[in-house]
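Protein chains in written order, with full-length UniProt numbering: chain A, 1 to 552; chain B, 1 to 552.
Any given hint could turn out to be false.
Identical copies go unnamed one by one, so any copy, or any two together, can satisfy a pair.
[Stated by the list, open to error] Lysine-lysine pairs mimicking DSS-like chemistry, simulated, CA-CA at most 25 Å apart:
id, residue 1, residue 2
1, 13, 406
2, 13, 396
3, 498, 533
4, 70, 497
5, 125, 279
6, 533, 13
7, 315, 13
8, 498, 101
9, 315, 125
10, 70, 13
11, 125, 396
12, 315, 396
13, 125, 277
14, 279, 70
15, 368, 530
16, 97, 530
17, 125, 533
18, 97, 406
19, 101, 530
20, 368, 406
21, 497, 406
22, 406, 123
Keep in mind that the hints were calculated from the coordinates and are not lab data. Keep in mind it's a predicted model, so treat the numbers as computed, not measured.
2 protein chains.
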Amino acid sequence: MTNTAWRQGQQSKAARLGRAAHLAGGSSGKVVQADQTVALLESVVQPGDRVCLEGNNQKQADFLAQCLAKVNPQHVHDLHLLQSVVALPEHTALFDKGIAKEIDFSFSGPQGARLANLVAAGKIKINAIHTYLELFGRYFVDLTPNVALIAAEAADAQGNLYTGPNTEDTPAIVEAAAFKNGIVIVQVNEIRDTLPRVDVPADWVDFVIHAPRPNYIEPLFTRDPAQISEIQVLMAMMVIKGIYAEYGVKRLNHGIGFDTAAIELLLPTYGEQLGLKGKICTNWALNPHPALIPAIEAGFVQSVHSFGSELGMEKYIAARPDVFFTGNDGSMRSNRAFCQAAGHYACDLFIGSTLQIDTFGNSSTATKGRIAGFGGAPNMGADARGRRHESEAWVKAGREAQANPKHMPRGRKLVVQMVETFREHMAPAFVERLDAWDLAESMGLNNPPVMIFGDDVTHIVTEEGIANLLLCRGEEEREQAIRGVAGYTDVGMARDKKMVEALRARGVIRRAEDLGIARRDATRDLLAAKTVKDLVRASGGLYNPPSRFRNW
Amino acid sequence: MTNTAWRQGQQSKAARLGRAAHLAGGSSGKVVQADQTVALLESVVQPGDRVCLEGNNQKQADFLAQCLAKVNPQHVHDLHLLQSVVALPEHTALFDKGIAKEIDFSFSGPQGARLANLVAAGKIKINAIHTYLELFGRYFVDLTPNVALIAAEAADAQGNLYTGPNTEDTPAIVEAAAFKNGIVIVQVNEIRDTLPRVDVPADWVDFVIHAPRPNYIEPLFTRDPAQISEIQVLMAMMVIKGIYAEYGVKRLNHGIGFDTAAIELLLPTYGEQLGLKGKICTNWALNPHPALIPAIEAGFVQSVHSFGSELGMEKYIAARPDVFFTGNDGSMRSNRAFCQAAGHYACDLFIGSTLQIDTFGNSSTATKGRIAGFGGAPNMGADARGRRHESEAWVKAGREAQANPKHMPRGRKLVVQMVETFREHMAPAFVERLDAWDLAESMGLNNPPVMIFGDDVTHIVTEEGIANLLLCRGEEEREQAIRGVAGYTDVGMARDKKMVEALRARGVIRRAEDLGIARRDATRDLLAAKTVKDLVRASGGLYNPPSRFRNW
């Protein structure tokens with residue numbers, strides 16, 4: 001065999017770079033003018049390529065997405081897209097135009113309905129809905145990108161990149177492409193003589209484009225405290241007293257939503273009253289939620305490592321380097337891959353919301369007509385069975401789950417699902433059968449797209465109480481524990497009243513009153529901030545909320 | 001609150017850097033002479049610090065370890081060490097001298113017995129034995145290093161680092177320290193004007209030391225084919241035909257050892273005869289095992305992403321960039337964190353050996369008098385419950401495990417334990433009770449240090465056959481399936497013969513003959529390489545084995 005037989009990737013890369021060489025200039029030979037981006041993509045992207053289009057919860061390589069949607073489908077077609085998040089109209093437009101034909105992704109917020117339509121029209125093949133770290137893992141095994149289209153804050157003349165607070169997925173994507181003969185193209189908001197710091201070294205980057213507009217960033221983790229209801233305050237009180245305090249939960253992750261924002265805002269008030277400062281919620285794997293500001297200021301929080309940043313939190317983060325991970329330049333370094341590893345292996349608890357829960361405790365956000373994806377929830381909301389280090393919370397949860405004293409003792413991650421029994425438009429959160437079953441059929445999957453499996457869930461919290469599934473022995477008990485907190489939904493009404501009472505007597509189900517929580521105390525007065533303006537005030541004016549959250 | 005109240009980490013770092021400033025020079029102000037290293041460490045390391053001392057399966061920051069062992073214990077003491085691998089005498093000497101007092105680690109090969117002695121003497125507190133990715137995760141949550149002592153191949157004048165093939169743990173360690181006000185000190189083999197590529201940017205690094213000797217690298221994954229026995233050939237045949245072919249295992253990880261080396265060496269012979277090329281073992285998360293060379297040359301392997309490199313494989317890897325992950329400079333980039341994520345989430349199968357297995361299928365390498373640790377095995381050898389993407393192997397394993405058709409279908413990772421029924425010195429691999437129980441007591445752990453839990457194991461393979469635990473219904477069947485392949489060990493002799501025969505009739509236990517494998521065919525002639533010299537030949541002279549593996 002000749003030497004070149006093992007260098008097809010290198011040869012392909014060299015050919016692509018050669019085709020694009022006339023488009024690139026600057027001292028590094030990497031800079032491409034923004035108006036030449038479509039031509040660049042047509043030169044380096046080949047039919048059938050695996051293309052990673054950076055887009056995640058927050059940061060979007062939106063200019064590159066727009067340009068990719070403008071390439072000539074006769075030359076560039078049948079792409080296999082790899083994406084953390086399908087968020088922009090351009091992402092789905094790629095399928096409408098035949099530029100792309102299949103996708104592996106993790107999350108699709110606003111585009112969930114369009115994705116479902118594209119599936120129905122046969123215009124897209126969704127191979128799988130991943131959790132982020134799973135998708136990153138595949139970038140190094142069987143989904144290595146031929147081309148990576150990424151976004152950074154700034155580049156210097158050599159092509160070193162500054163990704164700053166929104167570093168997010170960039171290092172994982174670039175490493176997978178750059179070290180397997182992939183082409184790395186970056187859109188930057190500015191080209192600077194010197195960078196505040198280097199987040200990605202220049203020799204991992206092939207082309208730099210100064211985009212006409214700064215990349216889009218979605219403030220996905222901002223929740224206006226004014227919209228938190230008193231039912232959510234009640235549920236948050238139950239979580240703090242009935243779970244965080246009982247297990248001594250110090251290291252944790254919160255999902256997105258008003259339910260968990262309520263918990264964050266109750267730490268400096270209700271949590272403080274219960275004497276829990278320093279005993280719970282000290283170390284976080286969490287985006288910089290504005291709702292956490294009052295708890296940080298009250299001294300509840302020792303550290304926060306973040307998947308990504310949050311718009312408006314930059315100055316506050318930079319002023320709190322003891323809490324957040326920041327560089328020598330003072331700004332945050334987020335990193336989704338490491339934060340997901342931390343969330344999986346170093347956290348004792350994950351708590352999040354969902355759209356549907358069945359009587360086995362399986363939950364999904366994939367509902368009829370919407371393919372929403374799961375993001376980090378399956379990774380954070382699964383028992384970390386490779387974990388071996390002990391903590392109070394992990395050991396206690398494992399003990400509760402151990403049915404037989406002869407079994408090898410093993411710790412357990414606390415995985416809490418927190419839902420009101422009815423969501424908006426009176427849709428029940430509890431169902432006998434998940435919509436995910438139908439979706440699996442329409443998507444051609446063997447297994448329904450479940451976000452969190454019932455056997456990974458340890459507690460379900462509703463306004464009706466806490467069901468501790470760890471203490472259930474056998475499937476029947478589990479089912480009745482779930483029905484027992486499902487309230488007036490059909491699932492709840494079908495409960496076996498006697499068995500539910502027996503479970504309550506054993507402490508498997510605990511109502512607010514069983515926890516010594518009076519419903520009349522669950523008022524919005526307990527929230528450490530009642531408005532976005534309160535959050536700004538709590539931050540000493542450092543938090544600068546996006547305009548859509550300002551009404552002053 | 002004043003601004004500085006939130007900047008204690010920054011202030012501490014500035015004070016440490018100030019104390020060491022007179023020791024550092026060069027154009028970057030970062031270069032410290034080797035003979036000033038002890039003085040540097042005494043200036044920047046403070047009592048009680050969390051110190052990450054880089055050392056993993058392969059690369060060791062051995063010069064920094066030696067220097068740390070020479071600091072004055074009156075000034076530097078009570079350190080909390082964080083280490084992937086405890087491998088060198090200097091590592092344990094730190095505890096003998098009182099410089100360090102507690103440790104969180106993952107693996108200790110040769111130092112396992114000394115660790116046990118230190119525990120018995122009350123000179124060390126072992127907080128936990130982690131899996132690598134778990135330890136890295138904690139670096140971002142509750143075990144963030146104050147000081148990181150790392151090793152690189154070369155630095156330039158600015159302090160940019162080239163870690164080359166042995167990048168390994170370095171990016172994870174440096175990121176955790178550099179972005180949380182930690183001090184990063186690197187030993188390098190040389191200081192160059194220009195680097196082949198940049199693996200770690202200069203502004204993440206505080207001090208650079210040109211060490212008097214190149215850092216130590218252990219060729220841990222090299223197995224001499226001459227030492228593979230015919231029993232191992234037989235077991236490898238059973239694995240290839242009875243597991244890899246049956247499930248269509250394409251993406252996988254192999255543990256260390258002669259058992260798995262035998263599988264690698266049988267792919268181009270026995271695997272080829274069975275028509276399996278392209279159908280199994282195409283994509284790997286694996287160190288560059290020399291034993292894989294014949295399979296690569298035969299076209300079995302599409303890609304290999306590696307945790308670390310392997311001594312002597314550098315030129316071979318550089319000549320096979322279609323298979324390995326290499327940079328623009330041509331040399332490999334390994335990355336333990338990403339490869340562990342890939343092994344957990346993107347692989348369908350993990351197979352490895354162990355020292356003891358109990359009748360529940362729990363296994364451990366922690367035996368009496370030895371605290372060996374587990375390395376990556378708990379991460380790779382656990383069902384990845386956050387995984388959602390489907391593959392033939394994963395779906396089939398999940399189907400076999402599903403006991404009740406009403407349960408939500410879920411895929412399963414294949415986790416195979418491969419052992420001869422007796423190890424060296426006739427120690428039985430199967431035991432009624434793991435030594436780990438006693439070890440837990442002596443170490444003050446709640447839970448015994450289990451490497452892989454029985455409920456994560458799907459198959460146990462011995463020379464007696466394959467026990468498919470997925471097909472077992474209930475604990476009794478599981479126990480008898482395990483006893484059924486435990487041969488003439490006490491555990492095997494205590495089997496219920498009738499039940500074992502029934503399990504065999506159902507295909508839960510399969511003997512070699514049930515798989516159509518004649519024991520007489522299991523000869524060393526099947527090995528694609530019978531010696532290290534054969535491996536060199538297969539590589540076209542590119543593989544350059546360490547001298548200890550050369551007898552010519």
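Enumerated hints in conflict with the structure, sorted upward: Violated: hints 1, 2, 3, 4, 6, 8, 9, 12, 13, 14, 15, 16, 17, 18, 19, 22.
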